[in-house]
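**Q** Fit chain B to the supplied structure of chain A, relying on the hints for placement.
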Amino acid sequence: MTDLTTLQADLTARIAGSADLAALEAIRVEALGKTGSVSELLKTLGRLTPDERRVEGPKINGLRDAVAAAIADRKAALETAELDARLAKETVDLSLPPPPERRGRVHPTMQVMDEMIAVFAEMGFALAEGPDIEDDFHNFTALNFPPKHPAREMHDTFWLPEDETGQRKLLRTHTSPVQIRAMQQGQNHKLPGWIASSQTPPIRIIVPGRTYRSDSDATHTPMFHQIEGLVIDRDIHMGHLKWTLDTFISRFFETPVVETRFRPHHFPFTEPSAEMDVKCDRSGGDVKIGQGSDWMEIVGCGMVHPNVLTNCGLDPDEWQGFAFGFGVDRLGMLKYGMPDLRDMFAGDVRWLDHFGFSAFQAPNPATGLS
Amino acid sequence: MKFTLSWLKEHLETTATVDQVVTAMTMAGLEVEHVEDPGAKLAAFSVARIVEAVQHPNADKLRVCQVDTKDGRLEIVCGAPNARAGLTTIYAPIGAYVPGSGVTLEARPVRGVVSNGMLCSAKELEVAEESDGIMELSGDLAVGALAADVLGLEAVIDFEVTPNRPDWLGVRGIARDLAAAGLGTLKPDVTAAVAGAFPCPIEIAVDGDACPVFAGRLIKGVKNGPSPAWLQQRLISVGLRPINALVDVTNLISIDRARPLHVYDAAKLEGAIIEARLGRDGEQVAALDGKTYVTTPEICVIADGSGAIGIGGVMGGESTGCSEATTDVFVESAWFDPIRTAQTGRTTGINSDAQYRFARTVDPASVTPGLELATSIILELCGGVASDVLIAGHAPAPPKAIAFDRAFVKKLSGLDVGAVRIDDILTRLGFEVDGHNVTPPSWRRDVEGRADLVEEIARIEGFDALPSTPLPPIDRPPGGALTVRQVRMRNARRALAARGYAETVSWSFMRREWAELFGGGAAKLVLSNPIASDLDTMRPSTLGNLIDAAARNARKGFADAALFEVGPNFRGDEPGDQWTAVTGLIAPHAPKHWTKASGDPLFALKADLLALLDELGAPGLQVVQGQNASWWHPGRSARLQLGPKVVIAEFGELHPRVLKALDADGPMLAFEINLDAIPEPKRRGVKTKAALDLSTLMPLRRDFAFLVGAETPAGDLIRPIMGADKALIAAARVFDVYQGQGVPEGMKSVAVEVVVQPREKTLTDPEIEGLSARIVAAADKAVGAKLRG
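Here the protein sequences line up with chains A and B, keeping their order. FYI, the numbering for the first sequence is 1 to 370, going by our numbering. FYI, the numbering for the second sequence is 371 to 1159, going by our numbering.
One chain only, chain B, in its complex shape:
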């Protein structure tokens, strides 16, 4: 919403400056977006008069003018065809920056004649988009007068109207709030009813569903034409294009009173009835914007004997528009339903000033006053004779009274405001105060209860006056502010960052084809209105985004990456389908190094994963190979499971087919943990840890070399060995795997170091041999392992 100070002063008696108005607006809830002062850039420009204009000696299209300016009589070269003696126009001195052409003037010869300044067109001054020749101003203007004053340029205040305050879409509504805030006095509304001179010959009919109330009257014998300068200037100042007096009056009242109107050329109406009804399928309206719209039964149309001639509250039709030839005008002042108008705006894509206002609720009580105001201005500007006013339908009921205990102001806001002051504020804003009851004005349909009234008091009293009151003490959750899961997310981040991974935050959505590669892409998880086609599907896994991030970094020359993310993945659209993933990825391209140390980086990733799971408090997990999802390398990936069903994590190398589809160079190694699947520890009241049993006896280390089938996972030996004597065996660890000479075909040798921790007494040789035998037997039973000879 845009307006100027002079327009505001039509309604507000005030001496406030633009800055004061802006501050008062902001503090009353009218958030000013910016103030544009078109006069500021024309400070150097002033009125001048051409005394003599002669043909340039060296150029057909140029004239050499003698011009009276604030700097005295100057010789100025001008290319405009209308440069002539006696013309009053605008002069720019040497050194001035001409906004419309982006040039700073220099005194230099033009085809041999020095021009000591410039005579300007409206376009060069940026007061019009197009212009022919230099400005032609009234001859009675004084030479040297400032261009900004002469052209009526003044600061334009542009502010955001919140959807609850459609009354701020009219300058009078702004003035009312500013008056209440103490910035001045609201001038009385002097609109008087114009008595009808004859019965309106055009009948009005409404379908209440389409249009609750519709008022109109005919004005005969008008003389339409360009609006007077004051009206044109007022419209131009807020960015509207003057059209003709009749149309300009409706636009004026739309901005001035937030009351859209429409004018019809009565001669072009067919039949004697104008009707507001719902559209009929297939019906078309050729609108004033030159486009044709197909109506539906959800749209309100205005129709005459020929059919639909306008879209109610949105845009009038071309066939009945007013032109300079119009002599009889039918003026419409109706109230269109906000929801229907908003929907029509969306369906048709029309966002007119009228549509914007009706969609946000126009004051239903303004139907008749708006029509009377329009009538009086039209009669004043265009003459003519007005008929009686016809009204069809019923305006919606006015707002209901609210029972208002004034003490609630302090209870809800903390502000101490006396009852007298409370009532004064409400009255200034147009509320009716009657003892306990407060009735909002017809234009304040947002006010429904006592909290709304408190807001009115508080914002006019000023939020600056709010006290600062510490929160009362509250019982704190004994375990801290975070749940176990939230603590784990936080620990996962810091643990991975400590191990060299950089945290990313990537979109929760991804390209559908990519989602499909990771088991997702179901239709119900595809956005209907994605911001871009490659961000249309809720991600089933974070891996795709990390692969993409690593690939994008590689394309910029940074191929070595270790990334992670902690965030949501989506199996479906129900709350329970969202799960928390901790996803890590390594693109192993470590820089060359003089130690030439090497090793399979997959095991470095596995170390990170196990350390992380340990940090998260996960119990011991089984490694299950050969069952991973399709996006993993079949031979270089595995799952970590809790029991036979619960998969806690998958890890390994990513499948080259997937990397290729994502345009990423491999290899890439990754893991994805389902954080929500890790069981939460039992809650214990006491924090003491279990007693520690430290043996004083030295542990023994014994190495075993087993022959097992080449396909047997070496790790499968550990559990049976550990189980051979749970009391004595403290640890077992594979330290070598060998295939080749000395090992039969199809077999491999697995060397395991077993740590034996004697508990009460040193073990005797027979005891150690007995234990060894049990270990060998357990390994044989579990995986058919034989001790290597």
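Isolated chain A, as found in the complex:
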């Protein structure tokens, strides 16, 4: 009896005092191994009479269970301590910076293009494109610029050299030549698939792209971006034009109401022609759209000139419609506050980082334009 009590006390103390898992294991083998002290005691049970066994059995089994439990507890405690110690050693200084990564940006002009396309796509416009190097016919003649007319001079055209036949190609001064490419009936050119080809009315397209004029200051650069719009159908009138532009402006600037006004203007390829102004406030240095009492011109537009329709093989007694042209960079400057157009094309990484957009800010009807 005393032996068992002593043995249990001795073992329990040694278990509690074991310093590591190896020492604990040694104790376990010594007590519970095949020839361990507790195992030996268990073997004695077989030699006892049933009555003795009834008395001694529970004692010895109890000893075994108590020792096993003490070992398991100690083992768990030692394991926990060991893990804690290991983890403590694995501590790092998380104030240190992660490996450097560059922050990518989408250029604001391209962001604005995407925003504009999103709004017009919602109104049923499809996209059309044309080449940057154009011929005189598509850029001027078909658009009702009479040869040698002063309106041509106003375009500050970049010219390429004369070819053998005396013809000069040019850099398109506007995206309007794509109107011609989209409307011109019966054309038989072998052109790459991305260039707009003849459509049968009704036509409803927008044309984004690079345009070029020989001009440079804070609000003019030799290259800039336009988005052209063209709608041709049987009964499209100036009221539709007004609705389209008003609706666009309000959605693009993401304000419910932007006050606008239409003014008569002159473009050779539209009749009547107009410019649209938006109400703005220039008093604080920045331009604030939709506030104040100043007007700012924002888009040129009008009803497609009958001569343009005729030049494209459409009967102006049957078809009519409107066209408009936005300066994309300029709209971006107004919406996002870039002060100088030239910066748009300078590729300064600080400017791109500041005025650029995240890859994930793709305009989307669910998340809004911007």
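Don't take each hint at face value.
Unchecked claim - Mimicking PhoX-like on lysine-lysine, the simulated pairs with C-alpha atoms at most 25 Å apart in a straight line are:
#1 B:966 - A:89
#2 B:1015 - B:966
#3 A:148 - B:770
#4 B:1052 - A:190
#5 B:894 - A:190
As the list claims (entries may be wrong) - Across the chosen pairs, the derived CB separations fall in these ranges:
#6 B:1070 - A:81: 36 to 46 Å
#7 B:844 - A:161: 41 to 51 Å
#8 B:898 - A:288: 54 to 64 Å
#9 B:904 - A:339: 22 to 32 Å
#10 A:354 - B:850: 26 to 36 Å
#11 A:162 - B:393: 43 to 53 Å
#12 A:103 - B:1049: 26 to 36 Å
Source of the hints: derived by calculation from the structure; they are not laboratory data. Quick reminder that beta carbons are idealized off the backbone N, C-alpha and C, glycines included.
**A** Chain B in isolation, oriented as in the chain A frame:
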């Protein structure tokens, strides 16, 4: 085009203010650029009279004046030599800002005498560019009268005349539109013909090619001299310099009626014929601007017996100009062809008021009325006797009648305007309305069809009245508004931005020498009139612009850059020569970092490129090394090809020679993708994806170490290994390359991990060994690879 309210009121009966005029103009299509009010800055200035002027005690050139002013009698020090008792002049009080000298006046002593204000010169008031002494005004002016009123300064309205409306280059044309817009009533034109007192002794001849119609008359016995004040002031108010009465009358009518005229000193004409004809090669004209111009057979000249004496419709000649000594004047009123005049303007570089008007088409019906108006004013100002009027040639035919269904106004504009109102607007604008037919006035050659008439109705009725009508529904393209290519451009942008590249938009043109470095620079892609010599050639590649942008950033202290651009490159000048490039560039100067992780950044770029191509839906591409264009590093660049011919992209390190030529510090790594070369996916009606076969069996991984020739691209092992069993081998990847001890000279060891995916049942050992043998055999057959012992 500039004019003043008082000038407008010569033609328009109105009580409108300048602001009302400006608003009405803007809404009628006359876009006002700005209104300058020179009187506004002279609000503090007023008339004063010098009572006494004595020598300054301490300065020879100064006088001390007692001056009657609106502020009472003041002592004012004045340095002008004409400061004298009795002189009426302009006074500026203390505190006034003097615009011509940029000084705000303070009461402080001038050489010991306090000046209580200032007496002003015309230059100080900015009413003249030069002046001697203080202003000398009429003695009957009241002291205290406002300087702006006395000097006749009033607001000048400056607006942009669109090329279709040359009639707006005359004040009367503006008045007519404003009257139609309801701002007042157009006054009648009271010009009466002056009967000739004698036959014109100077004959007129025209070559119709050069000048369709030319009218003229002689006025004898004029007394030329400075114009009267009203005429001088009128010209000055719109920025013209008065010269003498005869010349001033022509300038007046040019602005007033958009009708340029010319006056010749008849005494200086040689011979009795004045002729308008085409120039002769080598012929010279000494023009009124003091320069000599060489004429050509494209230019219309005016000639007398001595030869060319003027450039028709552009500028008169010095030899026959009118001076104060002129007594007999020949007055010309002609109609010069717009295109010829515009060309002459460009050839000679002359941009005179006359050239500007003729180039934009002067009213051909104004030839005679203009001459009569000039005659009557000259007779009034200079006296003299006028001859008969001579006319040679024929004015172009007047505009044709347009058949006009009034219902078309609503169809095209959406505006509801009644027929009566339509006809009223047209009539006010000078159109003749005769039932169905509407005939534009002679000055409206821009009006050719019914759409032009709708514009007239709509702009006078007011664009404010336009309805806002939603667009009708339209069938939408089932695939969305964008083409596959447009979607790819958009995805390329966002994919590269997500991988850390910043998007640039750079010029489509570049320096020719740079274009040549990238395989471009052909003469037909060099602009004839570039904005700058370094922006003269259409770019063959976007790489040059990105290198330049990175170099410019580096020079500002920001050397680490990852840039990209999606835009056009040009192989030639045909539409099919333009291709869409996605171009990326890394200038690897990442900041120092405590982990000191390193690796060849070229492979980071390759990872970006492959991820991008995957995003764009490109199929698997071959890496072909050693065939890149000359601007790439020969050993550190490659192409990605689809089959043996189609190059989808080039990538690698840029050649140091190219970077040096662009003044850029290397290394720089880049890629350029030809987006248009990536095949478009087959269009499928249904969007369901192919069935997915997911094996329930564990894949096995086996590593192979091959010995191959040192020059063999390690990547060349992958295709044969994958082909050894297309059903079982799911992936193969090079994970180590080793040269050195244990590897024979001229060889390298390439370690490849092969992933085997059992399909239906677990593979037995013999099956695995069989597969391994096939892999080794395939690698041997393809590139002579031997399993390393």
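**Q** Kindly confirm whether 26 to 36 Å is satisfied by the beta carbon distance between residue 354 of chain A and residue 850 of chain B.
**A** holds (32 Å)
**Q** Regarding residue 162 of chain A and residue 393 of chain B, is the given constraint of 43 to 53 Å on their beta-carbon distance met?
**A** Cβ of residue 162 of chain A to Cβ of residue 393 of chain B: about 47 Å, so the range 43 to 53 Å holds.
**Q** Look at the Cβ atoms of residue 898 of chain B and residue 288 of chain A and judge whether their distance stays inside 54 to 64 Å.
**A** Cβ of residue 898 of chain B to Cβ of residue 288 of chain A: about 42 Å, so the range 54 to 64 Å is violated.
**Q** CB of residue 904 of chain B to CB of residue 339 of chain A, is that within 22 to 32 Å?
**A** holds (25 Å)
**Q** Compare the distance between the alpha carbons of residue 1015 of chain B and residue 966 of chain B with 25 Å, and conclude whether the hinted pair is satisfied.
**A** violated (41 Å)
**Q** In this structure, is the beta-carbon distance linking residue 1070 of chain B and residue 81 of chain A contained in 36 to 46 Å?
**A** holds (40 Å)
**Q** Assess, step by step, whether the Cα of residue 148 of chain A is no farther than 25 Å from the Cα of residue 770 of chain B, and give holds or violated.
**A** holds (23 Å)
**Q** Verify the proposed pairing of residue 1052 of chain B with residue 190 of chain A, using a straight-line Cα cut of 25 Å.
**A** With Cα atoms ~22 Å apart, residue 1052 of chain B and residue 190 of chain A stay inside 25 Å; holds.
**Q** So if I understand the rule, the pair passes when the alpha-carbon distance is 25 Å or less; does residue 966 of chain B with residue 89 of chain A pass?
**A** Holds: residue 966 of chain B and residue 89 of chain A sit about 22 Å apart, inside 25 Å.
**Q** Does 26 to 36 Å hold as the CB distance between residue 103 of chain A and residue 1049 of chain B, or does it fail?
**A** Holds: the Cβ-Cβ distance is about 33 Å, inside 26 to 36 Å.
**Q** Starting from residue 894 of chain B, check that the Cα of residue 190 of chain A is at most 25 Å away, please.
**A** holds (21 Å)
**Q** Could you say whether the range 41 to 51 Å given as a hint is met by the Cβ separation of residue 844 of chain B and residue 161 of chain A?
**A** holds (43 Å)
In terms of the numbered hints stated before, the structure departs from hints 2 and 8, listed from lowest to highest.
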